[in-house]
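The residues making up each chain are set out below.
Protein chains: 2
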Amino acid sequence: MIRVAIFGFGNVGRGVARALTNNRELIEKKIGKFEVVAIADSKSSIHGDVDLKYAVEYKLRHGRLPSDVKADELMENVEFDLLIDTTPTDVFTGEPGLSYIKQALSMGKDVITSNKGPLVVAFRELFRLAEKNEARIGYEATVGGAMPVVKLIQRELAGNQIFRLRGILNGTTNYILSRMEREKMPYSQILSEAQELGIAEANPEYDVKGYDAGAKLVILANTAFSFDAKFSSVKIVGIEDITPEAFEVAGEKGYTIRLVAEADSRGKLEVSPRLIKMTNPLAIYGTLNALLVETDLAGEVFVIGKGAGDRETASAIVSDMVDIYGRDNGH
Amino acid sequence: MIRVAIFGFGNVGRGVARALTNNRELIEKKIGKFEVVAIADSKSSIHGDVDLKYAVEYKLRHGRLPSDVKADELMENVEFDLLIDTTPTDVFTGEPGLSYIKQALSMGKDVITSNKGPLVVAFRELFRLAEKNEARIGYEATVGGAMPVVKLIQRELAGNQIFRLRGILNGTTNYILSRMEREKMPYSQILSEAQELGIAEANPEYDVKGYDAGAKLVILANTAFSFDAKFSSVKIVGIEDITPEAFEVAGEKGYTIRLVAEADSRGKLEVSPRLIKMTNPLAIYGTLNALLVETDLAGEVFVIGKGAGDRETASAIVSDMVDIYGRDNGH
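As you go down the protein sequences, you meet chains G and U in turn. Under our numbering, the first residue of the first sequence carries the number 1, and numbering increases by one thereafter. Under our numbering, the first residue of the second sequence carries the number 1, and numbering increases by one thereafter.
Worth flagging that the hints you see were computed from the coordinates, not collected in a lab. Hints may contain errors.
For chains that are exact copies, the list does not tell them apart, and a pair is met inside one copy or across any two.
As the list claims (entries may be wrong) - The calculated lysine to any residue pairs, modelled on SDA-like cross-linking and capped at a C-alpha distance of 25 angstroms, are: (1) K29 - S226; (2) K30 - L292; (3) K30 - G267; (4) K29 - R327; (5) K184 - T279; (6) K33 - S226; (7) K29 - A122; (8) K29 - D264; (9) K277 - R179; (10) K29 - R3; (11) K33 - E134; (12) K277 - I190.
Produce the complete structure using the sequences and hints provided.
Right, here's the structure in full:
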């Protein structure tokens, strides 16, 4: 029996709860029985043999969970095997996820996180801690939602030397830029519409300044090149200054503009708006994400998928569960 | 120490030997030390602690390997842990790979194969045999070359219900069709040119009749839907009857024609030329392969990559080695 604690119970945490409920049979076939023994958000919690449906409904109705017991107390008092961390990202401090993850790893518990913060603040430190305590870390959900890019790099291209990564790693900015390209409307107007549609956050800085893409790039580059890069290692330029005129000039020569995240094996780490050919596979439209991996044996491998969304992120988290606890690894 | 036997020493087998030579350090970091203890082609062999460079050069120079000892004898007399089967594909009998794989699995040896034949003839039988003998089978190399489609389905989308697979699974036919689309030249002329370029085989039937795509579809569908489909389960139509005029008519309405392989969870298994919109992500050009996977949680995941080539196939085989013997699975 795998005992699971879920910390963070916003959209992603609830998406995980729903995936574990709806696809329980499928998942248990692959990893054996599991139960969720604790769920905590920033101020409340529930523990015991948690009824996931009840927890999701309670949270949606009351904006909190039934118990006042805090996450820290649960961490110390509830027996669990796996922490699923879906707390909100802070790329500067890594908190609150960073402390939870360190504590869980120190106790030899496995961790699966969708939170970029801890990994861009303390990537190697966390992996050393995991190794020392024979615990495992899954972080597929931190980059590219349902696109299996972390395992693509770690596993599927395991025998390859990776030279370069180039990707569209933020759906919100890609949505804005691809609409600017097609409709030649100003940045601010499309941003407002995207906010109304729920595609951009009320506070869009994190996306439009390129921070989100930068954080993801750090995680991918550390995975591909064994770097110990931090968020501060990335050169970042956002999309706020791009004008419809820039798209017109670019378009006349067959180019468009996208927020490209690029890392190479020599240490380059950069997120910035780039001119790319319309025919470039990275010239994707809408909120999609994409990643191009350049290798010695496999050549160029290209993945496209939905980069965000609670179901997509939950899919990545479940894939990490199967990866860590799968009975038939090797089949 | 992992002791490896390689059966089949054509382009793919030699590609594996080269990958194991060039990337040995990288690979050994992930799976520990390995040595190749035997290599066999259809009529000759070499065994001992095999010098891979020597073996490749000998084969290229002499068209054979130095010893007259046959593969069957090696199977019985050489101690090994892993059989890498790169023998040629026969979708009707599965031989010669099928017998080798059965024998290896019966002895509890792990198997990695790039040969579609055994899997389209005896998919479930082989997995039952593996389970019984606690052996593992890797077959990423049978489909899509460097595209990690098998593990994408098995692992990364492990928590998902998969509804449908649609793909371009044969590079040769895609090359022919995409040139017919652009240049409006007749099928036979482009085929001849593709043969001159080495993109199509001297005997192109296997590709142009859709057999290769059909075999790959069987393997993917068995993986995704737990079917026990055989090659004969697939409805297959090839591309030989497509005319340049068909492309003209299609093009006027924004469509093109591709050889689409499609399987769904209700049992559909079909390879046939289809009208698809120019904007469909499957409307790729040249020898690329692509696969679109429709799921409940992850939505649509789309992968593009080089579908063939000795380096690409070797990359997939090495990824299976890391998958089976990886020390840090779960990291």
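TODO: List in ascending order the numbers of the hints, as given earlier, that are violated by the structure.
DONE: Failing hints: none at all.
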